[in-house]
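Undergrad: Sequence:
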Amino acid sequence: MSPELHFVLILVLRMAVAAAFVVSASIITERSGPVIGALIATLPISAGPSYTFLALDHDAAFIAEGALASLPVNAATIYMGLTYAVLAQRFSMWISAGSAIAVWLVLATIIRQFEWSLAAGLIVNAITFAICIPLLKPYRHVAKMPLIARRWYDIPLRAALVASLVGTVVTASGWVGPRVTGVMALFPIVFSSMMLILHPRIGGPATAAVLANSAWGLMGFGLGVAVLHVAVLQFGSPIGLCCALATCIVWNLVLWRIGRRKSGKAS
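Residue numbering for the sequence shown follows our numbering, beginning at 2 and increasing consecutively.
Just so you know, the hints here were simulated from the structure itself, not pulled from any lab data. Be a bit skeptical, because a hint or two may be false.
What the hints assert, rightly or not - Pairwise CB distance ranges (calculated):
| # | residue 1 | residue 2 | range |
| --- | --- | --- | --- |
| 1 | W95 | Q235 | 39 to 47 Å |
| 2 | L119 | P157 | 36 to 44 Å |
| 3 | D58 | P135 | 36 to 44 Å |
| 4 | W257 | A120 | 26 to 34 Å |
| 5 | S93 | I240 | 41 to 49 Å |
| 6 | W95 | K263 | 34 to 42 Å |
| 7 | Q90 | A120 | 33 to 41 Å |
| 8 | I240 | G204 | 42 to 50 Å |
| 9 | L136 | P157 | 32 to 40 Å |
| 10 | P201 | I128 | 28 to 36 Å |
| 11 | A121 | V181 | 15 to 23 Å |
| 12 | P201 | A127 | 31 to 39 Å |
As the list claims (entries may be wrong) - Below 25 Å or equal to it, Euclidean Cα-Cα: the simulated SDA-like pairs (lysine to any residue) are:
| # | residue 1 | residue 2 |
| --- | --- | --- |
| 13 | K138 | V251 |
| 14 | K138 | V125 |
| 15 | K138 | A127 |
| 16 | K138 | S100 |
| 17 | K138 | M94 |
| 18 | K263 | I132 |
| 19 | K138 | A103 |
| 20 | K138 | R258 |
| 21 | K263 | I250 |
| 22 | K138 | K263 |
| 23 | K138 | W257 |
| 24 | K138 | I96 |
| 25 | K138 | G99 |
| 26 | K138 | V87 |
For clarity, every value in this text was computed on a predicted model and none was experimentally measured. Note that CB positions come from ideal geometry on N, CA and C, so glycine has one too.
Whole structure, please, built from the sequences with the hints as guidance.
TA: See the structure below:
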């Protein structure tokens with residue numbers, strides 16, 4: 002087998018695995034309501050496969066530097082969610098989602114211009130969450146979450162989006178370097194697909210509730226990225242990736258437990 006064919010087959014396999022993972026998580030998200038759906042959506046559903054496959058091709062130093070570039074991009078994602086949540090109350094999907102994605106692209110472009118330290122990335126995230134979480138609070142609840150009727154193109158669309166992201170990140174990583182790769186790896190595929198698929202079906206306010214509930218989960222995701230940066234340098238890529246995933250899962254489980262307690266007290 003030629004090296005070129007081997008590369009293409011491995012790339013297609015990686016894209017298919019990542020797509021299957023994201024589609025499964027998205028289906029669970031749709032059936033779980035805005036709170037549980039938001040917790041699932043803020044797990045490393047698309048970034049996780051991207052970094053896993055990057056670790057197969059690059060050393061720990063590359064992954065650590067990429068994670069350092071990804072950390073402030075997490076802040077851009079929550080600004081994207083806030084933009085969508087506000088606009089979706091009154092405007093169409095194209096205006097709301099288009100404006101939100103444009104905000105992310107602008108912020109990610111600005112972020113890419115700087116070299117970030119771990120402390121600086123954490124500070125940017127802390128400031129962002131302090132600003133955005135109170136602003137998102139009014140949009141976290143809807144009177145009733147409409148039932149979601151899935152259409153034939155939903156799964157192919159999600160699969161195509163995440164497969165394209167993984168394919169682009171893995172292919173381009175060798176010549177764009179770890180900083181740009183880290184920014185690309187955190188493109189919000191899951192949130193974008195939610196906006197494009199759910200908004201026409203259940204309405205802007207209900208879709209906004211899913212994204213608004215994701216704020217606390219994104220905080221845990223940011224911590225997971227920080228853990229990835231530190232752990233891969235100390236223990237290598239496999240253990241570092243596992244530590245980052247464990248951080249996100251434990252954080253979201255704690256959020257779920259706190260939510261259950263509050264619901265129990267309220268009832």
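Undergrad: Which numbered hints does this structure break?
TA: Per hint list: zero violations.
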